[in-house]
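Trainee: Here's the letter readout for the chains.
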Amino acid sequence: MDKATFNELASKRLVYAVPDMEQVPVRKDITFKQIGELALKMDVYYPWEMEPGTTRPAVILVSGGDLSPELLVRGKDIGLYISYGQLIAASGFVAVTFNHRSIEGYTKLHEVGSDIDDLVSYVRENASSLGIDAHALCIWAFSAGALYGLRTAMRGTPPYIRCIVSYYGGMSILNKEYFHYSPEEEPTFQEFSPVYYLRTEPGNIPPLFIAKAGLDQPALNKSIDEFVQEASTRNIPFTFVNHPAGRHGFDIFNDDARSREIIRMTVEFLKEHLI
Amino acid sequence: MEEQDNRDNQEQDDFRLKPVVYAIPGMEEAIVQKDIVYKTVDENELKLDVYYPSNYTGETRLPAVIFVHGDGPPEFLKDAKEWAAYTCWGQLAAAMGLIGVTFNHRSTEMLAKLYEAASDVDDLIAFVRDDSKMLGIDANKIGIWVCSAGGPIGLRSALRDNQAYIRCIVSYYAISDLKVYYEEPQEETEFPGPPLPDLSQEVLDEFSSAALVNKSATVAPLLVVRAGLDDPRLNASIARLVTMAVTKNVNIDFMNHATGQHAFDMLDDDARSKEIIQATLEFLKIHLLEI
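Taken in order, these protein sequences are the chains called A and B.
The working numbering puts the first residue of the first sequence at 445, with every later residue one more than the last.
The working numbering puts the first residue of the second sequence at 880, with every later residue one more than the last.
None of these hints come from the bench; they were simulated from the model.
Owing to the predicted nature of the structure, the values given are computational and were not obtained by experimental measurement.
Any given hint could turn out to be false.
DEER-style ranges, computed between Cβ atoms [unchecked claim]: (1) B:T1122 / A:P463: 39 to 45 Å; (2) A:E629 / B:D893: 53 to 59 Å; (3) B:A1043 / A:F697: 26 to 32 Å; (4) B:A1096 / A:H624: 48 to 54 Å; (5) B:D1149 / A:Y604: 17 to 23 Å.
No more than 25 Å apart at the CA atoms, straight line, and that leaves these computed lysine-lysine pairs for BS3-like [stated by the list, open to error]: (6) B:K1127 / B:K1094; (7) A:K472 / A:K447; (8) B:K1127 / A:K666; (9) B:K1094 / A:K666; (10) B:K992 / B:K897; (11) B:K1012 / B:K1094; (12) B:K897 / B:K1153; (13) B:K1164 / B:K1012; (14) B:K913 / B:K957; (15) B:K897 / B:K926; (16) B:K926 / B:K957; (17) B:K1127 / A:K620; (18) B:K1153 / A:K715; (19) A:K715 / B:K918; (20) A:K447 / A:K552.
For each residue, glycine too, the CB sits at the ideal point set by N, CA and C.
With the hints as extra help, turn the sequences into a complete structure.
Mentor: In structure tokens form, the structure reads like this:
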């Protein structure tokens, strides 16, 4: 992604809002991981009425986007994640947004995967000082963030992951029509394909909410369709929604009733599974 | 033998007495107009009940949800709208600020009388719209809820001809493609007993929501719900509908109740049943009252 596109994106906020959500308290720029010179940081958004010393379930927002080193340190500071942090906090949960490294055309999957793992570990180890219930987490991933976000959420089905949300997320990079990998790379591509976990670890998968943008790239949408079909066959507890007129990023680009309906449904889903 | 019959009767009676596992406080205060005749066939009157919000004064027209019950032997179905679950659904719709319509339709008698039962659903919808003023219903805002083996006839009426007044469609563990039942072996079928009648491709398509969605230029927003423990063939039919809906990029919500039985809304008193029922009521509210 170039700088101009990033800057345009950075100004966009969610098309759904609740009153006064901009005023929720935020703790900004907590470093959760240091890689040489690079400090990976997170922001934590809190409900207004939260008493000191108490904890709440938390939603961890995993961003997509292949960002340059210059831009990735601003990844969490775009309107999309700021407004989601605020909306989730205004809905009664703690929200965590954070920066992670980029997958650089699927060549750095393990590096990014370790960033997500480390963020979750940091949040759980520091749960009480962060005001987070370490046993009630949701991973909410966007776009390519689903590849590594859902890997962390589904691998070994950790019991503290109570539910999973994926918005216009990549569900598989195994389709050879679109992705090229050698036999040696296949295990890595499996590890970063959420659909793979439906086949290998179908027991104990937490409830999933999958949103698809009807006008998204065919490769991405095919992976979602494959995931939905597999999840049905495996009888996984899940909810699937399609936004027929939705672009990739419908939650900031499609200012329409269907976008707002889907975001509202997602908040209801969080309330159902985190409380 | 007689003992077996008694047991069967008792099970049927119990089923009829089972309420929906989700309730809204005060929902039983809905105002009900009972037993309005919408059609007379061979001296048998087919009737509907209409549920209104408890504060309804009759001054405004409200959108309506029509609940299409499932299929079964004629004797079993004759008072379906009196079953506790349909009373609950009518009350739940009213508690959301909508009008709930429950009604009796005839049996398809193992698909042998598909058109007779389907004409009942068509005639009920026409009656509700023609008499909408008297009933207080907004004729241009109708939602259709179908379940189980009511799918073929209910989804046909809901999806055929892309009627603009059909604003949304809810399908609970409903047969969504009749062809599945003709392609696979007969054992453990939803329709035990006599063999299924020969139906032409055209008839199978007319009564299969998957084919109707494929044919339609526009489809009203759909909420499709699946019970994980249901008959595999019924679930195979739902999979075809969902695949068709995503291929055609329609406005669809799909919810799977992994541990749910057929009729989970009456039989499985658990968190997922409640979540799905609540989401259904929200769905109806959004598409009938807000958009």
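Trainee: Flag every earlier hint the structure violates by its number, smallest first.
Mentor: When the structure is compared with the hints, numbers 4, 10, 11, 19 turn out to be violated.
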